[in-house]
Each structure stands twice: as structure tokens, then as C-alpha cells.
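Q: Assemble the whole structure, with the sequences as input and the hints as a guide.
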Amino acid sequence: MGIFDFLRAKPKATANIAKERLRIIVAQERSHRGAPDYLPLLRRELLEVIRKYVNVDFDAVKVDLVKDGEHEVLDISVALPETRPSENP
Amino acid sequence: MAEIIVVTSGKGGVGKTTTSASLAMGLARLGKRVAVIDFDVGLRNLDLIMGCERRVVYDFVNVIHGEATLKQALIRDKRFENLAVLAASQTRDKDALTKEGVEKVLKDLDADGFDIILCDSPAGIEKGAFLAMYFADRAVVVVNPEVSSVRDSDRILGLLSSKTRKAEQGGRVQEYLLLTRYNPKRVESGEMMSIADVEEVLGIKTIGVIPESPDVLSASNKGEPVILDEASIAGQAYGDAVARLMGEDRPMRFIQVEKKGLLQKLFGG
Numbered sequence: 001m002g003i004f005d006f007l008r009a010k011p012k013a014t015a016n017i018a019k020e021r022l023r024i025i026v027a028q029e030r031s032h033r034g035a036p037d038y039l040p041l042l043r044r045e046l047l048e049v050i051r052k053y054v055n056v057d058f059d060a061v062k063v064d065l066v067k068d069g070e071h072e073v074l075d076i077s078v079a080l081p082e083t084r085p086s087e088n089p
Numbered sequence: 001m002a003e004i005i006v007v008t009s010g011k012g013g014v015g016k017t018t019t020s021a022s023l024a025m026g027l028a029r030l031g032k033r034v035a036v037i038d039f040d041v042g043l044r045n046l047d048l049i050m051g052c053e054r055r056v057v058y059d060f061v062n063v064i065h066g067e068a069t070l071k072q073a074l075i076r077d078k079r080f081e082n083l084a085v086l087a088a089s090q091t092r093d094k095d096a097l098t099k100e101g102v103e104k105v106l107k108d109l110d111a112d113g114f115d116i117i118l119c120d121s122p123a124g125i126e127k128g129a130f131l132a133m134y135f136a137d138r139a140v141v142v143v144n145p146e147v148s149s150v151r152d153s154d155r156i157l158g159l160l161s162s163k164t165r166k167a168e169q170g171g172r173v174q175e176y177l178l179l180t181r182y183n184p185k186r187v188e189s190g191e192m193m194s195i196a197d198v199e200e201v202l203g204i205k206t207i208g209v210i211p212e213s214p215d216v217l218s219a220s221n222k223g224e225p226v227i228l229d230e231a232s233i234a235g236q237a238y239g240d241a242v243a244r245l246m247g248e249d250r251p252m253r254f255i256q257v258e259k260k261g262l263l264q265k266l267f268g269g
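Protein chains in written order, with the numbering used here: chain G, 1 to 89; chain F, 1 to 269.
If you're looking for bench data, these hints aren't it; they were derived computationally from the structure. A few of these clues could be false.
[Unchecked claim] Stretch by stretch, here's where chain F covers chain G in the computed footprint (C-beta under 8 Å, at least three residues):
#1 11–21
#2 59–67
[To be verified] Okay, derived cross-link-like pairs now, DSBU-like style, lysine-lysine, Cα gap no bigger than 30 Å in a straight line:
#3 LYS163/F <-> LYS11/F
#4 LYS67/G <-> LYS163/F
#5 LYS12/G <-> LYS11/F
Quick caveat: nothing in here was measured; it's all calculated off a predicted structure. The beta-carbon is built from N, C-alpha and C at its ideal position, and this holds for glycine as well.
A: Dropping the structure here:
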């Protein structure tokens, strides 16, 4: 132990950051758990098709499998960009 | 029916084999007839930690392929004759293990009168890890209080609740959290996640907390599972975890910072 140790900054209390980040990512990963493996690919291909016609963002397409009573519903939503007045008279 | 317990984690290097060795030894010390199987095909290590590496003649894959009998392949522990080790094969063939083969070995161990079969899982989520957990009744998920280990163990919890025989039959594998390399001093200063933090993220019950200790390395150096080191706090903590696995209710120890007395402060120690 050196005599100038007291000058050195204490290690930061980062445990709560770790916990918060884990809470978010674990919740997100759990929500996709049990979903078919093809969902990410389906999402990417849909995005490619849509982008042929509309210039949407990469995160504009959301694909989720939702349970509705007995049925499973493939819930696809596409957020379109705000249309400028000139394009839409 | 013998009880099957898998020791798993997802991430490598968190202490699965150390834990398997100590739990097996601790359960045998209580008089249980225990078989511990190394599922890490290609990277055999349980034999080294248990101190029987020079007595491996036949391995798990030899038994599955019918090249040796189970009796020939089981290595009786020198310290407890009611404890046997089944070493992993060093083959590079990842398909050496099959579901049917594993099931047969487990059935034969049960027929031989073993009470508990511990499955030491390899890291990752490949075939070896899948087969180690598939037939389990209970699972000990080994976690370090660190982000990547916690996230990976949540993946493993997902697999335990969907890709096991219990899950396929509509039941569930009883899961426990076992925290290793826990450093109470760093938890107190807010540098390391606490037991409560990890429990909250993963949502499962803790069966043991093993404090970070130099005794773990020296135990593996010697090939004597750390649980046999009665003077070691890590060894005692594993002893507590074994008792809890057997249904005993014990308070967690070694999870607070030790308060040093004045003499200790002056003279160190």
C-alpha cells in the first residue's frame, strides 16, 4: 500500500448500472424467447421489400408473435415516415 | 429413481467443474451414492479437479459406444468409495454423445443403485450442454456477479424451461442459483452486484454463495475439491450449499465484510 493511495480515485460504484442494463436486456430477450427462429429473417426480408417502395428506417418494421386466446397471431407493424406536404397534396 | 442434477451456466470459466466436484464430494460425504459425469467432450477436466486424472482408462463415450462397460469406466474415489467419476472423452467428435446413449448410461447408473447423478455441463448452448441438462430433475446454475455471466445464465434458464424432458412433459426443472467469486467488500462499495441484484434479474432462488477465495485455486492445484478444505470459507460455503440441496435450511455465510479488530488492523491478518 503506497502512501499516496488516498489520492487515487476510488473505483466507481457501477453495480447498479450493471443491474439496470441487465434488467432491460434480460426482459427484452425473454420476450423473444420461444418465438420461432425465422422471425429475425422474416423481419429483414419484409424490410427489404418495403424499402423498395418506401424509404423507411431500419427499425420501422416490428414483427412479434402474440398470443390471442387459443391462437397465435403474427403481429407486423410498419411505421411509415412522415410525409411531406409537397408529396401528398 | 436416482435424482439427476445438472450443473450448468452458459458462460465458461465461472466455476461449473469446481462446483460439480465439490457438490459431488459433499453429497458423498453425507453418505449418498453419487456418480458425477463430465459432459465436456473434447475438453475433459473434471478428472483433474477430482484428482483422478491418472486413473482414467475408459470414458463416457467408450461406454455409449459399447467399447467398455459402465463398471470399467467408473472411477471410484479414493476418499469416498460411494462416489464415482465418469470422465469425458478427449475425442474431437462433437456428435459422440447421443440422447439415447446418455439416457442408457443414466438408467444403468440408476440400476447400479446410485442415489444422485451429477451432470457437469460444458459451457455454451451446444449439444453437450443440451444433453447434460435434458434428463435433469434439478439444475444448479453457476453465476458470477458480472454482466455476461448473468445474461448467459438467463439463456440457460430459458433452455431449462423448454428443451428438457421435464419441460416437454409439461413439468419443470427445479432451478437454483449458485453465485461464485462473490466479493462482499466490492459488493459493499457498490462495485459488484449483490445476491439480491442477481436474484432480482434472474428471478430464481439462491442455493449457495461461494466467496472469492485463493483456496479454490490451491484446491484445484492439488486435485482435492475445495469442499474438503474445512478451514476454507469457500469450502464451508460449498458445504452449506450441499446441505441446502438436501433440503436443510441454512443462513448464508461469508456474505458480509468481516469487521477487523484493532489488533488485526495493527498487525494485519
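Q: It remains to establish, for every hint, whether it holds in the given structure.
A: Now the hints, each set against the structure:
1. 11–21: holds (count 9)
2. 59–67: Violated, because only 0 residues of the stretch 59–67 of chain G bring their Cβ atoms closer than 8 Å to Cβ atoms of chain F.
3. LYS163/F <-> LYS11/F: 18 Å, holds
4. LYS67/G <-> LYS163/F: The given pair, whose Cα atoms are some 20 Å apart, holds under the 30 Å limit.
5. LYS12/G <-> LYS11/F: 25 Å, holds
Hint 2 alone, counting from the list given before, is not met by this structure.
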